[in-house]
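With the hints as your guide, set chains Z, A and Y onto chain B.
Residue numbers (the numbering used here), protein chains in the order written: chain B, 1 to 374; chain Z, 1 to 419; chain A, 1 to 381; chain Y, 1 to 327.
Treat the hints with care, since some could be wrong.
Which stretches of chain B does chain Y cover? Using the computed rule of at least three CB atoms under 8 Å from a CB of chain Y, they are [what the hints assert, rightly or not]:
1. 71-85
2. 111-118
3. 124-130
4. 137-144
By construction, these hints were calculated from the structure, which means they are not laboratory data. In this text, all values refer to a predicted model and were calculated from it rather than measured experimentally. The beta carbon of each residue, even a glycine, is placed where N, CA and C say it ideally should be.
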Amino acid sequence: MVTTSAVAEAKVSANGQVDNVIELEDLHVHFHTKLGVVRAVNGVTLEIPRGKVVGVVGESGCGKSQTAFAIMQLVPPPGRIVAGKIVLYPKNGPPVNVLRYDRNSDEMRAIRGGHVSMIFQEPMTALNPVYPVGDQIMEAILLHQTTDKKEAAARAVDILGKVGLPNPKRLLGTYPHELSGGMRQRAMIALALSCTPDLLLADEPTTALDVTTQAQILDVMRELQAEIGMSILFVTHNLGVIAQMADEVAVMYLGQLVERAPVEELFDEPRHPYTRALMRSIPHLGTPRHARLNVIEGGLPNQYSQVPGCAFHPRCPVAQPGLCDVYQPALRPVTPTVEVSCFLYHNLDGTPVAAPTQTASSGTGPPLGDALPA
Amino acid sequence: MATVSTGLPLGGVAVQKEESAADQVSQWTLMRWRFMQNRLSVGALVVLILMYLTAAVAPFLSPNDYNELDTDHAFAAPTRIKLVHGWPSVCPLTQTLDPDHFKWVYEADCERAVPIRLFVHGAKHRLLGLIPTDVHLFGVVDVPPPAEAAPSASKTAAKDSVASLLAGLGGQNVAGAASAQAETKAEKPPRLFFFGADQQGRDLFSRVLEGSRVSLTIGIVGVIFSLIIGSLLGAFSGYMGGVVDNAIQRTIEIIRAVPTLPLWAAFAAALPRTTTVTQRYLLITIVLSLVGWTGLARELRGKVLAYRALDYIAAARLAGSSHLRIVLSHMLPNAASHIIVIATLAVPYSILGETSLSFLGLGMLPPAVSWGVLLRDTQQIQSVLIHPWMLLPAVPVILAVACFFLLGDGLRDAIDPYS
Amino acid sequence: MIDTQRTRDDGSTDRSDRIGARNLLEVTGLKKHFPIHGGLLGRLRGYVRAVDGVDLFIREGETLGLVGESGCGKSTAGRTIIRLYDVTDGEIVFHDPMLGKIHLERAGTAELRRVWMSMQMIFQDPFSSLDPRMSVGRIVAEPLVVNKIARGSELRDRVAQVLTAVGLRPEHVSRYPHAFSGGQRQRIGIARALAMSPKLIICDEPVSALDVSVQAQVLNLLEDLQNEFDLTYLFIAHDLSVVDHISDRVAVMYVGYVVEVAPTEELFRNPKMPYTEALIGAIPPPNPRLRSRPVKLPGEVPSPANPPSGCYFHPRCQYAQDVCKVERPPLRQVSPGHYAACHFAETLSLRGIPTLTSAVPAVTMATASSVTPTPAAPAVP
Amino acid sequence: MLNFLIRRVSFMVISMIAISILSFVLIELPPGSAIEVKLQQLRQQGGDMTAEQVRGLEERYGIHDPIQVKYWKWISRAVKGDFGQSFQLDRPVKSLIWARLGFSVLLSSFALVFSWGLSIPLGVYSATHRYTLPDYVIQVLQFVGVAIPQFLLALLLLVLASRAFNQEVGTLFSQQFKNAPWSLPRLLDFLRHVWIPVVVLAVGGTAGLTRIMRANLLDVLGQQYVQTARSKGVAEHIVIWKHAVRNALHPLIMALGTTLPLLISGEVIISIVLNLPTTGPMYLQALLNKDMYLAVAFLLMLSLMLLIGNLLADILLAWVDPRVRLE
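Chain B extracted, bound-state conformation (with noise of 0.2 Å):
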């Protein structure tokens, strides 16, 4: 199924092992419409180590969906990917560039649900309403596993029981209008598990969902993840949920990742300033009752127009003129687990910034946690 000209030059690490499931390479999706071009995804580089789940944050139109999309080659019109590598390391085989197939084409579809599946936010539309649900699961198990219709129900029933629906025997004839949100959500994850995919993309999977059913819907998952050894790229604004699923993080911000980092040091010290800001923007239980939340400025602009510098720095409250609002920062490391992508910690030369001084201060009052209780 590989040809060999689809076979990417994979990135090796120092040991020689490939320990990526999936890495995109400046991934850039673009929507053209008739009011001008969305950049959607502009420049993602990012790798998903084998059997880890890396949480993608992110308000609404960052691009954190599209990036998902665009793995499966499934950016829906008018949208495309004009630029970017896709470097897929199936469990047994060799490594594939995804994007130098047709979107159409047999080796697209056997890596669609054979070896990378997808989990949507809105359960109650992502399943076929006239089919029943077991036969939406088979016909994935009976593309990609085997072509024995009785071994595919076997197969349905098992992983149906599996996300903890009861009575998966009986289900196999169901509908999905006969079921909860909750439940469609578990039948979902059951037809994305089904072929045991090396890469589950979960769009925001428990948005929708109430907090008791998303606390189920949070468990199975997990459970199954450790199960079947899979990463998940799990797609979020939601930081509870990130905190508890994922072990790496990565921040967007239209169409852009600002931060990456694991989950621990991630939410132990936040270093981009989108993220410092978002994650004081958002109350949590037992954060000091009816104080001022700390806002980002403004909205964002106008989703044709492109700004120059950083994307950010219209809305940051350390941004350097002259500096942010003409040169774009790169992705840098920051320690040797985290990047970041702001001339706070870099460099317009990529160097890092020598020694911590007070000048972040220097203004009219203090850049970050301005508005925090003492």
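Showing chains Z, A and Y alone in chain B's frame:
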């Protein structure tokens, strides 16, 4: 180092949404902009406006009186316009009976061609129904033939044109036979028949123009009637809900359970036949509306139901607005655009309905003229085979109906760009 | 505005001085049932018991949070209290500043219109709550015009004043809603509610349709307005963190009725009803080091058209006894100011958020300690 | 499902009762009773009836009965299939209508199958190849198809058929098969003639249905479950035909509610133009001659045909969409 500013000036400027002209304008203006971008629909609107203008001044544009009988030109084919001295002119026709096929054949005598003139005097009419006049935009006035206009070259050309004219009539080459009697009825004034003439020699073009007054307005008047019944009952049904709603909805379903045309036909047949043209016109619009209101009522009810659930209606109630105010200042302005679209898309069905009924002899009746009445003459298929121009009244029907559909489509896209 | 409040050690503000002792609103046994019609003739087939016994009161100047999962009837309760819906059963007593004590459940149209001058609502959806054909000025002015409160330049001044209060510019009056973002639209909706200077505002999920960063802006605005105009809020939401942040007291709803009411701190630390415990336990803490799941709530919320017998929560309750299956416990006072609808409220020892300090997520501590970012700003090239 | 059927059928019965009342009003509406019309005709031909005979007829049609009794007499006979007498043709109505109704049903069904068979692939093609030349062509044809009055299309095809194919028109059979019993040659002959009315009937319907199909498929293609199917690795043509088209059929079947009345209306009018031995011409003659018992029998039967068509559409809908089944 004062390298880091507070970020405030920067943030203050760039954060604002880009101000565009679109921010200041109302929904109506936005819709107009969106509609104007749809060139096909704008074109359809222009065509329709022209058609209605034409209908308004039909007698002025008609070269002939639409009811003028002229047995000498029964089933005359569309007149060929010849350029004589660079001026479009009409040749007088002579009528002869083709004894082999038992039908009228005509020969043009282009030596006596008469020019088409602008602003000629003819039949009396009232411009826009108000100003009495006998001026027509164009027409032919019989003038003595210029003596010198008979070179032999033009004669052969005339022969050719006669031959092809006759070929159009029935395909038989009767030119030779006809030419023998060419001089018999030479005194006849030439007539201008763009679309040919009917059995009684009436000018089809003038009749189509006259017919457009009935056919184009009956569609709109019918829809206005439907709209009045439909919007009242539909809005009432949606706003009241409960038993009223149920009763109205069941009535609509039952009316829609009867096939439309047979029902129209049955109602139309039940109408008294001894009415004036105006009475008949009103009765036919009522018959069309009896069925037509159901669709409008149903769509409007759906809209009202959808609006009723919206929070801005709840907010208006909390502002203390009365039901009347809510309906008038919130629901109606929002539903207006939909009503316009629904009505626009209903007009062509009304036009088709009148045309079909009149075609069957159940709608408008002679002496009234409508496109359907004109097309009734095509029921004799043998006659159509010989006189295909009898089908010409169908062209404006198709044009008007297609333009209304295009217009409605464009309007719908303009008010609802996302559906 | 904030400086009028005393700030306590934990960063919360003490609001005891602004909350009056008087009740502004008292709701007793409120029920709202929607008939289900079916069949050819629209026969009555049953009822959806959307609201099935809500008891609560709101003190002057406070914010009462009303939380629950989707379909629990919290929005219907809010809309019934303000009488957008007719009342099936129960009492709603509103102490109107001008009209005095009013029984809303039997108020007529004219009376309601007067009550609505001091009782307003903010809606969830910033799109469907603004008439797209009206300019912002007309939207905000509508209550003033309809009630003949202001006209001419007085009206213009009032509209400009309210718009400024919600952070919009007075010159926005001539624009139409489509020209605004979601957060700005929500501000317009708030301005409309404020126009009549109401006493009580029912906030129906005012931030749940907004993006996280905009959500914070609107929450801050609501708090500012409350201080500035002495407002009382009934704050309906499904997000416990938001409710925790903004409420003085919280009422928890489950399948149409209130199962627990208590001051916010007390409710989250010391819940007395197993459902509240489950709800708190289900919130994923934004702390990657706290990955344990103390309470797992099995099953799903039952349908309000066909609720279970006895205590509606019993089929999912790990503490359920036989009595729970037959007898629905009333909402009763368990300790001063703490009400719960559970047969065993006194005996159960339930878990809330462990303690305040350990539950403060790492985020806040981290940000608090990093006023200065580790690496400093570089020199401008 | 059973519940659903019972509900639909009982609605049908109620509708038929309502339509019968409407029809009865139509019988009574024209000034002068049917008997007077008949008498007038007889007198014109020089004949007459005795007072005795007139009274007998009046008795039979209950001229002097109150209206509800008249209705009751008429409807109770109609239910048994006795629709009264055609005054014009002097034969019982029931002996006239059945054969013609049969051809009407046959023609309409052919046309329906034809237009569905054409509009689904056209709509799918148009939706999946948006903004291409063929899509524009299909869309333009749709407008033309909807805008041409059906009788006109019939006329044009008639002209075309007799000119280009030299085919006799205005009948469903050649002369030698007109009254022959059914046989294979007769069937072939029938098919050779039936295409004109079927094509004419189908054109308008096809245009409308293609539009609906295109719009709905575009709608469905934007749905999440289509993306789900693609994310499973299902091939694009299967995604479209199995996952999308099946869901887009729902509104198409719903559209039968408006397609069927148009179809039956169209059948009536083109049969008149083509002078086919179906309901149309005889219905028109009956209306023009105020032969109301005959006309109303046709109207009732056409309505029944439509109601049955709608019932079948409902059943089809329930079969295609499980959500309807369990409603």
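Taking the hints in turn, this is what the structure says about them:
1. Counting residues of the segment 71-85 of chain B whose beta-carbon sits less than 8 Å from any beta-carbon of chain Y gives 3, enough to reach three: the coverage restraint holds.
2. Given a C-beta distance limit of less than 8 Å, the hint that chain Y covers the segment 111-118 of chain B holds, as 6 residues qualify and 3 suffice.
3. Chain Y is given as covering the segment 124-130 of chain B, and this holds because 6 residues of the stretch bring a CB closer than 8 Å to a CB of that chain, at least three being needed.
4. Counting residues of the segment 137-144 of chain B whose CB falls under 8 Å from any CB of chain Y gives 4; the rule of at least 3 is met.
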